[in-house]
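J.: The residues making up each chain are set out below.
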Amino acid sequence: MMKSKHIPEEQLVDYLLGNIGEWDAKQIKAHLYHCKKCQYLLSDWQFLLSQDHKKFQPSQSMKDRIQHSINQMEGKSFKRRTVIGKPGLLFATIACVFLIFYSVHSYYQDINTRNYEIAENDEIPPETIQSAPHTQQIKVTPVSEFNQINGYVWVNRNRNEMLLEVDGLEELINQDYQLWIIYMDNSIDHEILPTQNGMTRMLFRDIDVDEFKKLKASVEPRGGSIEQTGPDTFIVEFQ
Amino acid sequence: MSNDQENIQLLKDIAAGSRQAFDIFYEKYISFVYQIAFSIVHNHAEAEDICHDVFLEVYQKARQYSEEKGSIKAWLAVKTKSRSLDRLRKNKPLLIHRLENLSGSKKMEPGADLQFLHSLEKHLIVEALKAIPIEQREAIIRSYYNGETHNEIAMTMKKPLGSVKSLIRYGLNNLRKQKALMQWVGIDRGEKK
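Respectively, the protein sequence lines represent chains C and H. The first sequence runs 7 to 245 under our numbering. The second sequence runs 142 to 334 under our numbering.
Where hints are given, some of them may not hold.
Keeping only pairs whose Cα atoms sit at most 25 Å apart, straight-line, the calculated DSS-like set for lysine-lysine is [stated by the list, open to error]:
1. C:35 x H:231
2. H:231 x H:169
3. H:233 x H:202
4. H:202 x H:214
5. C:69 x H:271
6. H:263 x C:219
7. C:11 x H:210
8. H:263 x H:231
Keep in mind the hints are simulated off the structure, nothing from the lab.
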């Protein structure tokens with residue numbers, strides 16, 4: 007099972023936490039016997055999982071902070087429109103409410119409708135679709151103020167996979183780069199781009215590559231937005 | 142329902158937008174996540190920031206959890222480690238402090254020959270080297286990383302011995318000028334004399 011490949015990090019953690027069955031544990035032990043890289047990784051996790059910093063605990067305000075961020079995030083998702091209450095405008099108000107309800111309903115039908123798996127940066131296995139047969143490579147086009155951006159997208163229609171590699175992303179404070187996947191039917195999926203030293207790598211699996219119309223990224227408030235609010239940084243056209 | 146199944150159900154409920162499920166999930170795992178983050182960065186405020194980012198990500202991307210890859214704890218642990226290392230990479234003073242802390246407290250952290258910190262240390266030095274002129278960089282790498290003698294470097298770089306010595310001297314001075322690295326890249330590598 008693991009003779010040639012390294013042990014996934016999650017499996018090593020489960021091995022140390024005792025969450026692995028006897029047969030899998032034997033396989034892991036056998037692999038560890040000859041694999042220095044996995045031995046080092048195991049040793050790191052042994053250290054991390056054995057630390058007891060009970061005297062340091064997250065503060066009570068932590069949860070409030072997270073709740074606040076979620077509220078802010080959802081506030082952006084459900085922008086409320088204020089209806090000014092003038093007596094003569096009752097009919098118009100009702101019509102507006104109906105229209106807003108209809109447009110919000112249709113909008114959310116178009117957002118994040120697909121299920122796919124993502125691996126980010128270090129989680130991406132060394133061998134991906136880049137060298138697989140039938141993989142198409144497309145260069146990322148940087149937009150106006152983001153000329154330093156450079157990267158490629160690899161898509162494999164047979165495997166329904168996409169690998170995105172982009173570098174030259176300037177470090178942002180209190181903002182994130184957000185990826186927008188626009189499909190032929192104009193529905194949209196969006197993900198935060200995980201950046202490491204100005205670079206991002208994301209591998210998507212079980213994604214409708216055939217349905218891709220366009221990819222683009224924008225600068226958004228930290229945590230991302232439900233709809234694009236910031237400037238484009240790069241685009242990839244599929245048509 | 143087993144404990145694992147209960148927790149997986151919590152994630153499904155979170156993915157469906159349940160704040161109540163998120164609250165329960167948070168209470169169950171905050172301590173575990175915090176302990177890992179703190180073990181990596183050794184800074185309370187930074188560890189809290191990491192917890193914030195991890196739990197926000199859980200809320201936004203709960204559907205990304207895949208039972209086939211491992212337990213929820215393992216998923217959270219790997220995610221937390223990854224976010225913690227991102228923090229160290231982006232925050233050089235924090236990284237230097239952590240490296241100094243490690244080298245100065247081996248008794249407090251027995252067996253803490255942490256590979257992820259060694260790779261970050263290399264990254265820190267490589268970043269610093271990138272900021273100095275190419276010839277100085279090459280001379281320093283050949284001397285300190287490849288273990289070549291000054292004569293060997295002079296032959297390979299086709300330069301007089303005196304020039305090689307000057308390149309190394311100027312290169313080291315330039316490295317020391319990068320204030321964030323003064324304490325660490327110095328001869329004592331941050332260890333108190």
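J.: Decide, hint by hint, whether the structure agrees.
T.: Evaluation of the provided hints:
no., hint, in the structure
1, C:35 x H:231, "35 Å, violated"
2, H:231 x H:169, "29 Å, violated"
3, H:233 x H:202, "29 Å, violated"
4, H:202 x H:214, "16 Å, holds"
5, C:69 x H:271, "41 Å, violated"
6, H:263 x C:219, "41 Å, violated"
7, C:11 x H:210, "15 Å, holds"
8, H:263 x H:231, "14 Å, holds"
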